[in-house]
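Spelled out from the first residue to the last, the chains are:
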Amino acid sequence: MIIGIDVGGTHTDAVLLDRFKIKKTAKVITNQENLIKSLMEATEAIFDGEDPGELEKVVLSTTISTNAIVQGKTDRVGMILAAGPGLSPEMLRINEDTHFTSGYVNHRGIRVAGTNRGEVSGIEDTFKKEGINHVGIVGKFSTRNPGLETEIADIIDNSFRHISFGHRMSGNLNFPRRIATTYLNAAIWDTYNAFVKNVMEYVGRTNTTAPIYILKADGGTTGISQSAGYPGGSILSGPAASIMGILSLTNDSKDAVALDIGGTTTDIAIFAGGTPLLEPLGVTIEGHKTLIRGLLTKSIGIGGDSRVRYEDGRLVIGPERDGPAAAFGGPSPTPTDAMIALGLTDIGDRGKALKAVEEIAGVKNCSIEEMAKEMFDLVCRKITSAVNEMLLEINNKPVYTVHEIFEGKKIKPEVVYIVGGPARPMAPYIDKMLGFPSCIPEHAEVANAIGAALARTTTELTLLADTEKGEMTIAEEGIQVRIPDGFTREDAISVCEDKLRERALRMGAREDDLDIEVIEDQVFNMIRGMGYSTGKNIRIKAQVKPGLIAGFRKEASNVRQ
Amino acid sequence: MSDSKRKTGLIFFPAFDWAISPTHPEREERLLYTQDQVFEEGLLDLDNIVEFKPGLATTQDINRVHICVPDAPSVITQSHLISAGGAITAAEKVMQKEVDNAFAIVRPPGHHAMRVVHGARGFCNINIEAIMVEYIRHKYGPKKIAIVDTDCHHGDGSQDIFWHDPNTLYISVHQDGRTIFPGSGFPDEFGGPNALGYTINMPFPTNTSDEGFLFTLDNLILPILDEFKPDLIINSAGQDNHYGDPITDMSCSAQGYAILNDRLSPDIAVLEGGYSIESALPYTNVGIILAMAGIDYSHVTEPDYNPEAIRQTPRITQQIEQQVSYIYNLWKNRESQRAELIKGGEYLRRDKGIFYDTDGISEHQEETVRICNECGGLITIRSKASTGNNIFAVVIPGQSCPTCREKGEKIFKSTAEGSYNYIYFQDRDRDIFLVK
Chain A
1 MIIGIDVGGT HTDAVLLDRF KIKKTAKVIT NQENLIKSLM EATEAIFDGE
51 DPGELEKVVL STTISTNAIV QGKTDRVGMI LAAGPGLSPE MLRINEDTHF
101 TSGYVNHRGI RVAGTNRGEV SGIEDTFKKE GINHVGIVGK FSTRNPGLET
151 EIADIIDNSF RHISFGHRMS GNLNFPRRIA TTYLNAAIWD TYNAFVKNVM
201 EYVGRTNTTA PIYILKADGG TTGISQSAGY PGGSILSGPA ASIMGILSLT
251 NDSKDAVALD IGGTTTDIAI FAGGTPLLEP LGVTIEGHKT LIRGLLTKSI
301 GIGGDSRVRY EDGRLVIGPE RDGPAAAFGG PSPTPTDAMI ALGLTDIGDR
351 GKALKAVEEI AGVKNCSIEE MAKEMFDLVC RKITSAVNEM LLEINNKPVY
401 TVHEIFEGKK IKPEVVYIVG GPARPMAPYI DKMLGFPSCI PEHAEVANAI
451 GAALARTTTE LTLLADTEKG EMTIAEEGIQ VRIPDGFTRE DAISVCEDKL
501 RERALRMGAR EDDLDIEVIE DQVFNMIRGM GYSTGKNIRI KAQVKPGLIA
551 GFRKEASNVR Q
Chain B
562 MSDSKRKTGL IFFPAFDWAI SPTHPEREER LLYTQDQVFE EGLLDLDNIV
612 EFKPGLATTQ DINRVHICVP DAPSVITQSH LISAGGAITA AEKVMQKEVD
662 NAFAIVRPPG HHAMRVVHGA RGFCNINIEA IMVEYIRHKY GPKKIAIVDT
712 DCHHGDGSQD IFWHDPNTLY ISVHQDGRTI FPGSGFPDEF GGPNALGYTI
762 NMPFPTNTSD EGFLFTLDNL ILPILDEFKP DLIINSAGQD NHYGDPITDM
812 SCSAQGYAIL NDRLSPDIAV LEGGYSIESA LPYTNVGIIL AMAGIDYSHV
862 TEPDYNPEAI RQTPRITQQI EQQVSYIYNL WKNRESQRAE LIKGGEYLRR
912 DKGIFYDTDG ISEHQEETVR ICNECGGLIT IRSKASTGNN IFAVVIPGQS
962 CPTCREKGEK IFKSTAEGSY NYIYFQDRDR DIFLVK
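Residue numbers (the working numbering), protein chains in the order written: chain A, 1 to 561; chain B, 562 to 997.
What the hints contain is simulated information worked out from the structure, not anything from laboratory work. A portion of the hints provided could be inaccurate.
[Stated by the list, open to error] Some chain A residues judged to face chain B by a derived CB distance under 8 Å, without partners named:
1. Tyr104
2. Asn106
3. His107
4. Arg108
5. Asn174
6. Phe406
7. Asn525
By construction, the Cβ of each residue, glycine as well, lies at the ideal position given by its N, Cα and C atoms.
Please work from the sequences and hints to get the whole structure.
Listed below in C-alpha cells is the structure:
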C-alpha cells in the first residue's frame, strides 16, 4: 500500500492506494500554522485500522518551503559571490548581506583569478558580527569548476550552521539564477529541516518502517532525509502533484494538454509523448528565477470564481476573486454563475446566479441568457488562447543546430485533459475551440494526492569533459577528476549514466524506476592555432525523467488488456 | 553610457552542427563559449532582452540581391538560409516595433559575398546583411539605410552590392588592406558614379586600439551619419579587431566594442567575423548585447584585459587623425568629384578580377552602369568564372527611373539565349528574377 498526501493552501488531500487501486481518500482543512497536524489528520483518516506492515511508502507534497518564501519567513543568509567580470555587481546583489570577493573561473572552468584569504575572512567577520548563521557561496561558472567555492568555504571556519554551495544546486549555466537558488536554499534551511525532524518524530511514534518521500517541483520524489540537504527542491510541488495525478489517471503516451481549472486560476501543463515538459532552466518563485527543476506550468488568473464585470464597454474577467460564486452566496457574478444560468450545471442557488448575471446584462442592456453566453464564451476563449500561446512558445523555442531547425520536433496535442470544478460544463466548448478532443479523468478530485503517491524518483546530472584540460566535472556531485587523453563521448555518457544511477538510488529510487535518458549530448573539436586539434569538449546531461512508478504502469497495462 | 534601458531582441544561432571544414575558423565550436557566457550571465532572463528563433530566408530573398550561378540552391547550405533568415528575423522584430533594436548572433557570415556569387569567398556565400536590407525595402518600402561595418576585414562584398546605391551608405572601418584579406578598402574606393560618397572606407594601421576606433566613430562616422540621416542604422558587427584574434593584427577590447556600439546605437547588429572564440567573443558579444539593451557594461572585460599593454602608439593616433580628416573632406566634396568622374558620359564600366579564396574559384567581371541622375542606374554584368560558367546579368535598381527600367528590359529581351550559359534579369522594385 502507498499513501499519497498533498498539503495544499486550503485543503490537504490524502489517498491510500492498495495494489495501485484507490482504497480510501480523505480531504481535511489545512492548518497553515501547523502543517504536521494536517498531515497527521489526513493520514489517520485513511490509515486508521490498516496494517502498518503493509505500507510500502508514504509520499508527501508540502507547501512548507513555498509558504516560508511567500510569507517571507526566511532566515538571513550571508552571500559570498565570486562574480568576476560581466554584469554589474549591483544587478547580482540579492539581499543586503551580499558580499563580493575576488576569484574567477572562466567558461571552460579554468581558474583565472584566485581567492583572497583576507577578503573572505573580513566578510566572515561581518557575518558573525551581524549574527548571520546561514551562508551561501556562489561563483560564476562554478558548475564548470567547483574548486573556488569550496576553497572559499575552507577559508571561513565551520561555526556557521549551514553553507549552501552554488555548484550543488544544478548543472545548468545561469549565474543570477544560481545565486537566487543558493540563497533560497539557505534561507529556508532551518524551516525545512525542522519540518523533516517533526515528520520523522511523528513517523517514529507510529509502527511503520515504510520510507517517507517528498515530492519535488519536477514531479519526482526524493527520500525525506536526502531532501533535507536540498530544501530548495521541495518548493512548488503542489502543481507538480496535480500534473502527475492527471498523468496517472489517464496513463497514455500522447502529446497532450492538461488543464486544472480552479476557483481563482487555471493551470496549464503540456505532455510530450506522455511525459510532462520541464521548465528549461528552473521554476520562478516570488520573482526569483531559479535553477530548481520544475514542471512547466502556466497559470492564468481565470477560474470558476473570477469576478466578472463590464468595464469601458467590454466584459472583463478576473484576475481577482471576490469570494465564491454568487450562487454560493458570493458578492460578484462569476463564470460559475454563467454556467448555472445556461443550465450547463445545476449546482448552487440558480436564483442567485441569475440575479448576478442580470446585474451585468443590465449594464450592457441585453438578456440574461445573452450575457451568460458571452461570459461563458469569454472564459473558454481566454483559457484556450492561453493554451495556444503556450504551445506556440514551446514550438518556437530557439534551437541551436541546423538539424533541429529543419527537423525540429513539434508538440501536436491529441487530447486535452481537464480537471477542476468547471471541467464538465466547459470541456465540450474548450475542446471545440482547441480543435482536439477532451477527456475528464476519474477521481480528479484527489488527482494531486494520487500524483504524489505514484511519482517516481527523478534527478539529473550534467557532465563536462575537457580533454585539453584533461578534466571532467560533474558539479552537482562535486566531482572534478582527471581524465585520460583518449576519453570519448561514449565514456562520458557511460560515466554520467552510472553517476546518475548512483545518485537516484541514494535518493531512494528503485532499480526498475531508473528510466534514464540522455538529454544533451554534444562534442566539439577544440582547434587552436592554425588548425591544430587540441582536444574535445564533451557535454552530457542525463536525467531520470518524471514519470510513474514501474509497478503502476505494468498494472495499468494489464488492466487494459 | 546612456542610462535608458532599451528592449533588445537577440537572434542566436551558433549552428553547432555546421562547419566549412573540421578545422576551419568557421567551425562548430566558434560560438560555443559565447553561448556559455551569454547563458551564464543570465542575459536571457533580463526583462528587456528577448530571444527569438531565426526564420528561414527564401530563394526569393537571395535573388533580390544576388546573381547566384547557376542558382541560389547550388551555392548555399541550409545554414546560410538560417543565418540570412536570422538577420531578417532581427529586422522584422525591429520593424514591427516588438523591440527597440536587435542583434543577430548568427553564422555563417556574409560581408565578403558580392552581387555575383560563383562560390564562397572569405568564409561567405551569401551576403546576409544585404539580403536583410533588401528584404526590409521590399516589405516596408524605400528606406535610407546606413551600414557601418566594424569587421576587421574590408566588407568588399557589401561594398560591391551597394556600390551604385545612393540610398545605402556603406561605411567600412578595417585593418589596412595592404596587410590583410581581402586587400581592398582604401579611401579612394568611394562609390559608383550615381552614388559617389556613399561608400566610405577607413583603413586602420595594424595595432590600432579602442582609441583609434572611437576617434573615427566620433569624428568621421557619426558626423557623416548626421548628414545622411538614415532611417535605419545597421552594424556589421565583426569582432575580429580584438587583441586576441588569431587571424588579424588589431588591439581592440570588449570595452571598446561595447562603447562603440553604445555611441553608434544601431537599430540592427549582425555578427560577422571574429575568431578568438575563447578569449574574445564571449566578452565582446556580452558587451555589445548589454550596450544595445542600455544596461551597464562597464564590468565586461576579458580576464586578461590590460588597456596599457594594448594601447596604440602616438604615431598610430596621428596617422588615424590625418586619415579621418582626409576622408571627411572627400565626403564633403563628393558632389564636385562626381561631376569630374562622369564628365558627361552615358555609361561607366569597371573590370574586376575576383578570387574566391574559400572555394578556389577565380572570376573576371565587367560591370557597366548607366550614368543616371534619377536613380542608382541600370547595371549590366558579364562574368566568366574558372568553373566554366559565363553569364550575363541585367540589374534594375530599387526605385528605378523609367528610362533605366525600359533600357534594361530591352537588353534582357534582346540578349540571345545561347550566347552565355545563363542570362539573368533582376528587378528589385517588381521583385522579379528571371533566368534564360
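Structure-based check of each hint:
{"no.": "1", "hint": "Tyr104", "verdict": "6 Å, holds"}
{"no.": "2", "hint": "Asn106", "verdict": "6 Å, holds"}
{"no.": "3", "hint": "His107", "verdict": "4 Å, holds"}
{"no.": "4", "hint": "Arg108", "verdict": "7 Å, holds"}
{"no.": "5", "hint": "Asn174", "verdict": "5 Å, holds"}
{"no.": "6", "hint": "Phe406", "verdict": "6 Å, holds"}
{"no.": "7", "hint": "Asn525", "verdict": "6 Å, holds"}
The earlier numbered hints are all upheld by this structure, with none contradicted.
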